[in-house]
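The whole structure should be built from the sequences, with the hints applied where relevant.
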Amino acid sequence: MIDIKLAVSDPDRLKKALESRGLQTAIVDEMATLDQKRKKLVQESDELKRLRNEQSKQVGLLKSKGEDASELMAKTKQMGERIAAIDQELDQIKSELDSIALTVPNIPEEDVPYGKSDAENIHVKTVGQPRVFEFEPKGHWDLGDTLDVLDNTRAAKLSGARFNVFKGKLAALQRALISYMIDMHTKEHGFKEIFAPVLVLDKTCLGTGQLPKFAQDMYKIEGEDMYLISTNEITLVNMHQGEILKASDLPIRYTGFALCFRKEAGAAGRDTRGLIRVHQFEKVEMVTFCKPEESSKELQHLIDSAGAVLEGLGLPYRLSLMCTGDMSGFSAAKSYDLEVWMPSYNAYVEVSSCSNCTDFQARRAQIRFKEGQGEGTKFVHTLNGSGLAIGRTMAAIMENYQEKDGRIRVPDALRNYLGFEFIDGSNK
RNA sequence: GGAGAGGUGGCUGAGCGGUUGAAAGCGCCUGACUCGAAAUCAGGUAAGUGGGCAAUCCCUGCUUCGGGGGUUCGAAUCCCCCCCUCUCCGCCA
Numbered sequence: 012m013i014d015i016k017l018a019v020s021d022p023d024r025l026k027k028a029l030e031s032r033g034l035q036t037a038i039v040d041e042m043a044t045l046d047q048k049r050k051k052l053v054q055e056s057d058e059l060k061r062l063r064n065e066q067s068k069q070v071g072l073l074k075s076k077g078e079d080a081s082e083l084m085a086k087t088k089q090m091g092e093r094i095a096a097i098d099q100e101l102d103q104i105k106s107e108l109d110s111i112a113l114t115v116p117n118i119p120e121e122d123v124p125y126g127k128s129d130a131e132n133i134h135v136k137t138v139g140q141p142r143v144f145e146f147e148p149k150g151h152w153d154l155g156d157t158l159d160v161l162d163n164t165r166a167a168k169l170s171g172a173r174f175n176v177f178k179g180k181l182a183a184l185q186r187a188l189i190s191y192m193i194d195m196h197t198k199e200h201g202f203k204e205i206f207a208p209v210l211v212l213d214k215t216c217l218g219t220g221q222l223p224k225f226a227q228d229m230y231k232i233e234g235e236d237m238y239l240i241s242t243n244e245i246t247l248v249n250m251h252q253g254e255i256l257k258a259s260d261l262p263i264r265y266t267g268f269a270l271c272f273r274k275e276a277g278a279a280g281r282d283t284r285g286l287i288r289v290h291q292f293e294k295v296e297m298v299t300f301c302k303p304e305e306s307s308k309e310l311q312h313l314i315d316s317a318g319a320v321l322e323g324l325g326l327p328y329r330l331s332l333m334c335t336g337d338m339s340g341f342s343a344a345k346s347y348d349l350e351v352w353m354p355s356y357n358a359y360v361e362v363s364s365c366s367n368c369t370d371f372q373a374r375r376a377q378i379r380f381k382e383g384q385g386e387g388t389k390f391v392h393t394l395n396g397s398g399l400a401i402g403r404t405m406a407a408i409m410e411n412y413q414e415k416d417g418r419i420r421v422p423d424a425l426r427n428y429l430g431f432e433f434i435d436g437s438n439k
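Note that the numbering used here has the first sequence beginning at 12, numbered continuously upward.
In silico SDA-like pairs for lysine to any residue, Cα to Cα no more than 20 Å straight-line:
| hint | residue 1 | residue 2 |
| --- | --- | --- |
| 1 | 149 | 327 |
| 2 | 231 | 207 |
| 3 | 68 | 86 |
No lab work stands behind these hints: they were computed from the structure.
This is the structure in structure tokens:
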């Protein structure tokens with residue numbers, strides 16, 4: 012959540028920010044008006060409460076002396092009724108204000124390029140060279156089908172479209188990738204491994220910004236206020252929901268594997284084949300909590316950590332800074348995408364998005380820190396990045412490491428995890 | 001799923017209708033003592049949100065004792081609903 016005070020103190024900045032993300036700005040003035048109204052009512056209510064408290068004490072005092080207090084009691088009761096009326100109005104304004112504020116995305120950082128579409132993203136660097144094939148490379152769905160390691164037909168039988176069944180050595184590759192990534196992040200990048208539930212309460216999704224605005228992307232459990240997570244950023248960030256952290260414990264870095272579920276509503280007809288766009292996918296996520304002044308540095312650390320996985324696997328990729336209009340993360344103030352080279356697309360495909368959410372999620376989820384005795388509490392900055400999306404990484408390995416005979420060579424880094432050199436139709 | 005017990009400040013734990021934002025102990029911070037430390041002594045030590053002020057100093061109002069609602073002039077304390085934890089039983093991978 013953005014700081015509502017901004018709507019009053021610096022409405023132009025907020026309007027500009029919303030505009031840059033392609034949104035309407037009228038709500039800024041609306042918020043300012045409501046907030047002013049709220050403030051006035053709070054003052055009125057507080058003053059009446061002060062009087063009531065005072066008079067109630069008087070009643071107690073009179074009674075303890077055995078004197079008559081009935082007149083004062085009647086007066087105070089009336090006051091209570093007025094307070095109740097004001098507080099009711101106040102509650103209504105607060106919920107109005109909240110329902111607006113919760114749908115406002117984060118404000119882009121100063122150095123995020125202004126732009127309307129992905130065409131205006133800045134390509135920061137490319138790492139590695141796309142392989143030149145001496146034969147026509149196949150798509151990973153074809154490779155998987157031929158080797159009988161990726162079974163789309165059986166998956167459809169079980170769960171419908173956009174699901175997959177991994178078989179044999181491809182299933183093993185998935186396990187290896189999870190271990191490889193998490194081991195790297197814990198041993199080399201300073202993250203602590205976390206395994207958390209994939210089924211969470213609705214208020215948890217509110218904290219990271221998936222709800223209320225993106226309910227249509229998430230699977231809800233019928234009859235309960237629970238959702239299947241769309242990313243494990245939700246669980247990792249909300250681990251500290253409502254907490255006041257010690258400054259000396261920061262930065263806190265978490266990594267973890269989880270299944271993620273997305274409806275992919277509105278993506279009908281796009282990327283229908285293979286592992287690129289599915290309803291259930293596996294992801295290793297990274298999340299960082301830090302002091303505000305450290306978040307730029309920590310964002311770079313996320314990018315480097317995600318990049319290290321791609322480099323370790325020998326996959327060529329591109330790093331891009333998202334422009335204001337293409338920043339997909341509702342909670343993000345600045346985002347970089349890492350895109351892996353996908354021969355079948357003849358293009359780079361996103362495998363990781365690393366974002367600095369500044370204090371946006373922290374404000375929603377009430378995650379704060381305290382510098383020391385007597386110092387006030389401040390909101391932490393939260394950051395998240397995939398490290399990486401497993402399915403898309405598998406697709407990239409299959410395509411980039413395919414041999415002319417259709418087998419897939421295993422990247423050197425995974426040999427120790429797998430114990431075989433090629434993914435083929437065999438089981439061992 | 002059934003039965004019982006319980007949820008109070010960083011922690012342990014009192015309070016069970018009025019001056020208690022909350023005893024006591026522990027922890028932590030500051031000061032005194034000390035060459036320094038320990039021990040001892042004195043003081044301080046929750047969060048949120050308003051107002052005053054040039055002020056991140058300070059003064060001050062309101063709210064918060066798992067969450068929500070109710071009773072009352074007044075609720076941590078009484079009543080109702082919900083959530084969570086623990087113990088026992090049942091079920092189960």
